[in-house]
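Between the sequences and the hints, there should be enough to build the whole structure, so can you do that?
For the sequence shown, position 70 matches number 132 in our numbering, and the numbering has no gaps at all.
It should be emphasised that the hints constitute simulated quantities derived from the structure, not laboratory data. Errors might be hidden in some of the hints.
[Unchecked claim] Taking CB as the label site, the calculated pair distances span:
{"no.": "1", "residue 1": "Asn212", "residue 2": "His112", "range": "57 to 63 angstroms"}
{"no.": "2", "residue 1": "Leu242", "residue 2": "Gly140", "range": "42 to 48 angstroms"}
{"no.": "3", "residue 1": "Val245", "residue 2": "Gly140", "range": "36 to 42 angstroms"}
Predicted, not measured: the structure shown is a model, and the values here were computed from it. Positions of the beta carbon are idealized from the N, C-alpha and C atoms, including for glycine.
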Amino acid sequence: MELQDQYRSIAAPSEGLFKDNGSRFIALAYPVETEEEVRSIVAGLRKEYHDARHHCYAYRLGYKGDLWRASDDGEPSGSAGRPILGQIDSIGLSDILVVVVRYFGGIKLGIPGLIRAYKTSTADALSSARIVDKIASRHFRLQFEYLSMNAVMKVLKDMDLPQRAQNFGESCSLETSVRLASVEDFIQRIGNTAKLEEI
Numbered sequence: 063m064e065l066q067d068q069y070r071s072i073a074a075p076s077e078g079l080f081k082d083n084g085s086r087f088i089a090l091a092y093p094v095e096t097e098e099e100v101r102s103i104v105a106g107l108r109k110e111y112h113d114a115r116h117h118c119y120a121y122r123l124g125y126k127g128d129l130w131r132a133s134d135d136g137e138p139s140g141s142a143g144r145p146i147l148g149q150i151d152s153i154g155l156s157d158i159l160v161v162v163v164r165y166f167g168g169i170k171l172g173i174p175g176l177i178r179a180y181k182t183s184t185a186d187a188l189s190s191a192r193i194v195d196k197i198a199s200r201h202f203r204l205q206f207e208y209l210s211m212n213a214v215m216k217v218l219k220d221m222d223l224p225q226r227a228q229n230f231g232e233s234c235s236l237e238t239s240v241r242l243a244s245v246e247d248f249i250q251r252i253g254n255t256a257k258l259e260e261i
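Here it is in structure tokens:
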């Protein structure tokens, strides 16, 4: 069975808006790959929208989408983070963060109203985002003798793999990325011509 290594994310940040009874819900969607990125974006938005009542968010990371979190940030439990995550999941996205900034309008919306507001503002942000296919890959550093260079380069060329951080001295090294479905093949082809280190 071929390994499923393709998944969907968004190409660039996008924005959505929902208003209800004077409250404004500003949804901001971002492509992200790590929890560090998530933390820094959320912290930045708390500063930028420092006068907002809530900064609720949800994210899903990785090609399997198995790293995720939903935060209600002070809203009633399950009324904000979960509806945001639900919208992300309904179109099958990963490597994505959606933060909904809420300005309170003075009238309580109740839990069904909150769920609708967080869901609708998120859907609005995602509907204007450009969805892209991503390929999950593993990153390797190859170290090899100068004499093995032709053999190593042939594998990279045959498999159409990118090359970065090349260093061709007495001993040579470079970095490459290999899509998950091709990793076994790559390791077999490289064989003993280079020392592989995952980075």
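*Could you tell me which of the hints above the structure violates, numbers in ascending order?*
Number 2 - this is the single hint that the structure violates.
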